[in-house]
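K.L.:
The residues making up each chain are set out below.
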Amino acid sequence: RKEVEQDPGPFNVPEGATVAFNCTYSNSASQSFFWYRQDCRKEPKLLMSVYSSGNEDGRFTAQLNRASQYISLLIRDSKLSDSATYLCVVNPPNGGFKTIFGAGTRLFVKA
Amino acid sequence: DAMVIQNPRYQVTQFGKPVTLSCSQTLNHNVMYWYQQKSSQAPKLLFHYYDKDFNNEADTPDNFQSRRPNTSFCFLDIRSPGLGDAAMYLCATSPGQLTYEQYFGPGTRLTVT
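So the sequence lines, in the order shown, correspond to chains G and E. For the first sequence, counting from 1, position 14 maps to 14 in this note's numbering; every step adds exactly one. Quick note: to get this note's numbering, add 111 to the position in the second sequence (first position is 1).
Please note: incorrect hints may appear among the correct ones.
Label pairs and their calculated CB-CB ranges [stated by the list, open to error]:
1) G:Ser49 with E:Asp170: 21 to 31 Å
2) E:Gly127 with G:Ala17: 47 to 57 Å
3) G:Asn12 with E:Leu194: 28 to 38 Å
4) G:Ala17 with E:Asp173: 43 to 53 Å
Partial pick of chain E residues on the chain G-facing surface, computed with a CB cut under 7 Å [to be verified]:
5) Asp188
6) Ala197
7) Tyr211
8) Phe215
9) Pro217
Just so you know, these hints were derived from the structure itself, not from any lab. Glycine included, every Cβ here is placed at the ideal spot set by N, Cα and C.
Given these sequences and hints, build the entire structure.
P.N.:
Right, here's the structure in full:
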């Protein structure tokens, strides 16, 4: 089992749709969780940190489910500009500042 | 206001010819990372520094070395590039205090001929 797993997609959705991605992690003691966005041939950019209580930033909501060892990202009212790859990142225990990236989920938002 | 800068953006090298990629940061972050990313794959951590403390990933080939002469700069040396080393190389920084959020440079795309 990979340490961090994501559904690769692609997810093809129309503008205005709501879409959700999940990411599972194997180490239950993992500490910190993030979602990054990566556009084609560009660097990853931090989208959101994921807190135990869940957090929201505009149209984006991130949640952590420690019992089932997954994090989720919900995008409401999808825009064309949301088309990108969404990377899940986990900080494993006892890894210092090491982080592990999932392979990413590709999202295409269509007009 | 570029905060993490990588040079060059594109690098072509010959098979077996040593190459050095550079990264600099204006964020004064303690942690610096080097990742390798191939097409449609996750960024793969090669190594990271906390200040001058070097942390090598167990599966990083010996062909890859790194130097961090000061807080601002970090270098990736590929001693004998093979065709399989062609990839995007990403540098990232993190404050290193209470957060693991990372800030990436634009990457260097390495081609090996």
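K.L.:
All the hints need checking, so say for each whether the structure fits it.
P.N.:
So, going through the hints one by one against the coordinates:
Our hint of 21 to 31 Å for Ser49 (chain G) and Asp170 (chain E) holds, since their Cβ atoms are close to 27 Å apart. Checking the proposed 47 to 57 Å range against Gly127 (chain E) and Ala17 (chain G) shows it holds: the Cβ atoms sit about 50 Å from each other. Here the CB-CB span from Asn12 (chain G) to Leu194 (chain E) is close to 34 Å, well matched to the stated 28 to 38 Å. For Ala17 (chain G) and Asp173 (chain E), the Cβ-Cβ distance of about 48 Å falls inside the hinted range of 43 to 53 Å, so the restraint holds.
Violation of the interface hint for Asp188 (chain E) is found here, the shortest Cβ-Cβ separation to chain G being roughly 21 Å, above the 7 Å cut-off. A distance limit of 7 Å between C-beta atoms decides the matter here; for Ala197 (chain E) the minimum to chain G is near 14 Å, and the interface restraint is violated. Residue-level restraint check for Tyr211 (chain E) holds (minimum Cβ-Cβ distance to chain G is 5 Å; threshold 7 Å). Hint on Phe215 (chain E) holds. Least Cβ distance to chain G is approximately 4 Å, under the 7 Å limit.
Annotation: interface hint on Pro217 (chain E) holds; nearest CB of chain G at approximately 5 Å, less than 7 Å.
Comparing the model with each numbered hint stated earlier shows that hints 5, 6 do not hold.
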